[in-house]
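Please model the complete structure; the sequences and the hints are all you need to start from.
Chains W and G, in that order, give the protein sequences.
Numbering-wise (the working numbering), the first sequence opens with residue 29 and increments by one.
Numbering-wise (the working numbering), the second sequence opens with residue 81 and increments by one.
No wet-lab data here; the hints were simulated from the structure.
Do not take every clue at face value.
Unchecked claim - Simulated coverage check for chain G against chain W, where a stretch passes if three residues somewhere in it have a Cβ under 8 Å from a Cβ of chain W:
no., segment
1, 305 to 312
2, 325 to 335
As the list claims (entries may be wrong) - DMTMM-like cross-link-like pairs, simulated, lysine to aspartate or glutamate; straight-line CA separation at most 25 Å:
no., chain 1, residue 1, chain 2, residue 2
3, W, Lys75, G, Glu368
4, W, Lys83, G, Asp365
5, W, Lys59, W, Glu45
6, W, Lys120, G, Asp365
What the hints assert, rightly or not - Computed far set for chain W versus chain G, every beta-carbon distance over 12 Å:
no., residue
7, Ser39
8, Tyr102
9, Gly116
10, Phe153
11, His156
12, Arg170
13, Ile172
In this text, a Cβ means the ideal position worked out from N, Cα and C, and glycines have one as well.
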Amino acid sequence: EKKKKTLNIMSSVEKKEAAIAEAQQKIEERKAKVKNLLGSDALGALKASLEDPPKVSDLDTKRKSAEVVGEVLYKNTDKDDIEKLINGLNTKEQDILMQYLYRSMEAAHIITNNDWKQYNSAILFRWHATLLSIAGVGSIVRTISNKKSA
Amino acid sequence: MNKKEALYPSISCFAFNGDNSRVAICPNNSTVHIYDTCGKPEDYKAWKKTDQELLEHDLLVSSIDWAPKTNRILTCSQDINAYVWCEEEEEYKDKATGDMKKRMVWNQKLVVLKTNRAAAVCKWSPDESVFAVGTAATELGICTFDKTNDWWSAKNIRKFASTVTCCDWHPTNEKEILAGGTDSRVRGFQCQKKKQPCGLKYNTSGWVLDVKFSPSGSFFAVTLQSSTIVVYPYTPDFENTHEENNGVEIPLPTLPCTQLLFVRDDLIVGIGHEYSPILIKKSGDSWEYVGRCDRGQLTKAKSTSSVRNAFKKFGANKGKSTEGKGIAATRHKAAINSVRPTERDSNNNIVKFVTGGVDGRFCSWDVSSLEKDVEM
Chain W
29 EKKKKTLNIM SSVEKKEAAI AEAQQKIEER KAKVKNLLGS DALGALKASL EDPPKVSDLD
89 TKRKSAEVVG EVLYKNTDKD DIEKLINGLN TKEQDILMQY LYRSMEAAHI ITNNDWKQYN
149 SAILFRWHAT LLSIAGVGSI VRTISNKKSA
Chain G
81 MNKKEALYPS ISCFAFNGDN SRVAICPNNS TVHIYDTCGK PEDYKAWKKT DQELLEHDLL
141 VSSIDWAPKT NRILTCSQDI NAYVWCEEEE EYKDKATGDM KKRMVWNQKL VVLKTNRAAA
201 VCKWSPDESV FAVGTAATEL GICTFDKTND WWSAKNIRKF ASTVTCCDWH PTNEKEILAG
261 GTDSRVRGFQ CQKKKQPCGL KYNTSGWVLD VKFSPSGSFF AVTLQSSTIV VYPYTPDFEN
321 THEENNGVEI PLPTLPCTQL LFVRDDLIVG IGHEYSPILI KKSGDSWEYV GRCDRGQLTK
381 AKSTSSVRNA FKKFGANKGK STEGKGIAAT RHKAAINSVR PTERDSNNNI VKFVTGGVDG
441 RFCSWDVSSL EKDVEM
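Have a look at this one:
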């Protein structure tokens, strides 16, 4: 009984750390899933990367999550491909993709790691322009006003 | 831009009277002007200005509501005041002939709001015995008439955490009101005389800009700053205060809507920052965005040649440049901020409505033609 009591009383800092660890583990799982699908099923890979965005406010976790999506974004660079993929998403997934696009454009962690091979703003803007024409200005408004964004 | 087409440079709110024969307009300042619609509430160019002006406020009039049956105008303003105006006959001396003549004047009755911040919205209840004022002091004031002092006094509900931006009375249930605020919550209250109003609470994902009950009163729609409209079923259980989160979210591809209008139980018109009204229709169990009512595109100005650009450095037109200024081809040239129905059919569904905008124009829309035109 004593053990149960001590497990329940976790400080808020511990709770946050536990949440971050859980989110990062989910990101690893998502990364593996996406890698499996990247070669064969582009739409499936995109949908898998947009699944279950992390709800923690830790910037590091969010950037890792954006990297997973980034792998799919950089693989499909042809404009027609991009349009087909975005049309295959539903509105909620399109909103999440818009949030990830803005997160990817930040590129702060890439500058610190000096890993510029991972960053190509032209491709990100191509995705952004197509997504804007399909989903409309409202998706950007939702990215701005969303308190818990990806 | 043809500025002569607009009635005013800008308007903040307007309201028709019961039979649409007159309209009260606030031209985005502290005055309210009363117009005679001359039988054409849809065509603002036919409206004639009467001498009647309501001049009591000191700051911007944020909301006007004209009670249709009792013919009283309710105005509330950012100067922390609200007034109820009644039309009375007044004798005055005609300067030209020296005779005593009679005319109709609007006389205000004081409203004691007991608040210390601007009033954002005011609405008469359906039976017009009571009205609600939402203020930036996180209060929703339910005002009743005090006969002994001959004024309206407010009983404030202080459950909100931020400005109360919108409110709507239930169409049939007595004294049930929903109010939304910038704390992302919609709260429902039942205002009875002696009891403290106990409430419902709905969580949303952004600032609540407008709340509207459906004509049947069984569900209501909420428009948020995050470009979504959420439709909730209304099951009032005032005995137990609980939180509900069972709304159907409709994400919009346009800029956010600031006001809603329930045309019928299955059709909503949204107006707001997008220069045209949008339609939202019920399809089966859920709702979907149908389209914009006005398909005019923002056009780009004609580009000047490079030689002209070079000469501009030396010319007198250094400060003026029309490059890049697009002229909107929509009927409203700026955001729309108020909407009122003008014609209803036998089922009390709205057939025509008029929208007024920040550009000072009033445009009328016909629901049946919109339904045919608007596509995804």
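Legend entry - Interface-negative label, W/Tyr102 against chain G, beta-carbon threshold 12 Å: Nearest chain G Cβ is 26 Å from W/Tyr102, so the label holds.
Inset, instruction - With 12 Å as the threshold, tell me whether W/Arg170 passes as away from chain G on beta-carbon distances. - result: violated, 5 Å
Legend entry - Beyond 12 Å from every chain G Cβ - status for W/Gly116: The claim holds: W/Gly116 sits with its nearest Cβ about 17 Å from chain G, beyond 12 Å.
Legend entry - Beyond 12 Å from each Cβ of chain G, as asserted for W/His156: holds, 15 Å
Legend entry - Status of the stated non-contact between W/Phe153 and chain G (beta carbon gap over 12 Å): Given that every Cβ of chain G is farther than 12 Å from that of W/Phe153, nearest at about 20 Å, it holds.
Legend entry - Per-stretch coverage check for the segment 325 to 335 of chain G, three Cβ contacts closer than 8 Å to chain W: holds (count 5)
Inset, instruction - Over 12 Å to the closest beta carbon of chain G is the bar; see if W/Ser39 clears it. - result: holds, 27 Å
Inset, instruction - Taking the shortest Cβ-to-Cβ distance between W/Ile172 and chain G, state whether it exceeds 12 Å. - result: Non-interface label on W/Ile172 violated, nearest chain G Cβ at 8 Å vs cutoff 12 Å.
Legend entry - Agreement of W/Lys120 and G/Asp365 with the hint, judged by alpha carbon distance not exceeding 25 Å: holds, 18 Å
Legend entry - Restraint check for W/Lys59 with W/Glu45, where alpha carbons must lie at most 25 Å apart: Answer holds: W/Lys59 to W/Glu45 is near 21 Å, not above 25 Å.
Legend entry - Given pair status - G/Asp365, W/Lys83, alpha carbons within 25 Å: Not OK: W/Lys83 and G/Asp365 at ~29 Å, beyond 25 Å, violated.
Legend entry - Three-residue Cβ test at 8 Å for the coverage of the segment 305 to 312 of chain G by chain W: Coverage by chain W holds here, the residue count being 4 at a Cβ distance below 8 Å.
Comparing the model with each earlier hint shows violations of hints 4, 12, 13; every other hint is respected.
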